[in-house]
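Asks: Residues per chain, in single letters:
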Amino acid sequence: MMSVTRRYRFSASHRLHLRDLSEAENEQLYGKCNNPFGHGHDYVLDVTAQGTADPVTGQIAMRHELDRLVREQILHAFEHRNINLDVKQFENSVPTTENIVLVIADLLKEHWSAYISGPARLSRIHIQETDRNGFEVLIPSAQEEMEQKKDPELAEVHG
Amino acid sequence: MFITRKAEFSASHVCRIPFLDDAENWRLFGPAANPNGHGHNYIVEVTVEGDPDPRTGMVMDLKDLKQILEEEVVTPMDHRFLNYEVPPFDRVIPTAENVAAEIWRRLDSRVERPGAKLAKVRLFETADLYVDVTRGSGSL
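First to last, the sequence lines map onto chains A and B.
First residue of the first sequence: 0, per numbering that gives the first Met the number 0; consecutive thereafter.
First residue of the second sequence: 0, per numbering that gives the first Met the number 0; consecutive thereafter.
Don't take each hint at face value.
Unchecked claim - Here are the simulated DSSO-like pairs of lysine-lysine, each with C-alpha atoms no more than 30 angstroms apart in a straight line:
#, chain 1, residue 1, chain 2, residue 2
1, B, Lys119, B, Lys65
2, B, Lys116, B, Lys5
3, A, Lys87, A, Lys31
4, B, Lys119, A, Lys149
5, B, Lys119, A, Lys108
6, A, Lys87, A, Lys149
7, B, Lys119, B, Lys62
8, B, Lys116, B, Lys62
9, A, Lys148, B, Lys62
Said to hold, decoys possible - If you want the footprint, here are the derived chain A segments under chain B, 3+ residues with CB under 8 angstroms:
#, region
10, 15-22
11, 100-114
None of these hints come from the bench; they were simulated from the model.
Predicted model, so just to flag it, every value in this text is computed and none were measured.
Glycine is no exception: its CB is placed at the ideal position from the N, C-alpha and C atoms.
Start from the sequences and build out the full structure, keeping to the hints where you can.
Replies: See the structure below:
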């Protein structure tokens, strides 16, 4: 089994804050990340495509197609932005890196086939928020999804 | 349990499809299509899976893995022009995918021993591009 991973970077600010909690409760829950003025990170985004190397091009997914997808659909929205204020998916949700990974996964899934010409599929998204914090979601293949449905216990563990 | 050993080699390559013209090769491969070639500092991370031997406490002797990597990857590929000097890249485009698959083929049988087998080859072509090869269904 083979995959190719392309790494991208974006710098953005965010603030972790829940509107329905008091200032004190937010401070207790999110600590420094609740600073009212926000703070920023240099995020490192890994996008993984799984498949086989095309016999002519030798590539699982063409780099220029992956780059254009990520540039137009992800980096344009996140690079040098205030994620709370500038990214519409976070109008009503808190921009933890868990939620950022999920939003990026949804965007990549939605736009994948419009940009990627071959049969490669999106299989993984990893974000390094800082050198010490990493976040990852795996996207199951259609076959893996079917197997999980057949075995609900497995789905619970890996879901 | 998984153990991983890393090795590095620097090599040049060119990504071109011979029957396509310059413009089409540029469209597919960008600057990597420059016919004169260009180079990378490749990093290969080789992961072996197994249970530690009850006596030696080792999944596999890392000295052996280092030696195999040296013989199969570093010596033949370091400071070489892959397309001209390292078969099968005289006829297979040395994309990161194809180089990683070739490294997997070279290592797989040599690493295999009772209780240990090759689990993953990760090849970094640059800090921003890497390929994983793992055991599993489907061809390489």
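Asks: Hints numbered earlier in the text: which of these fail when held up against the supplied structure?
Replies: 6, 9, 10, 11
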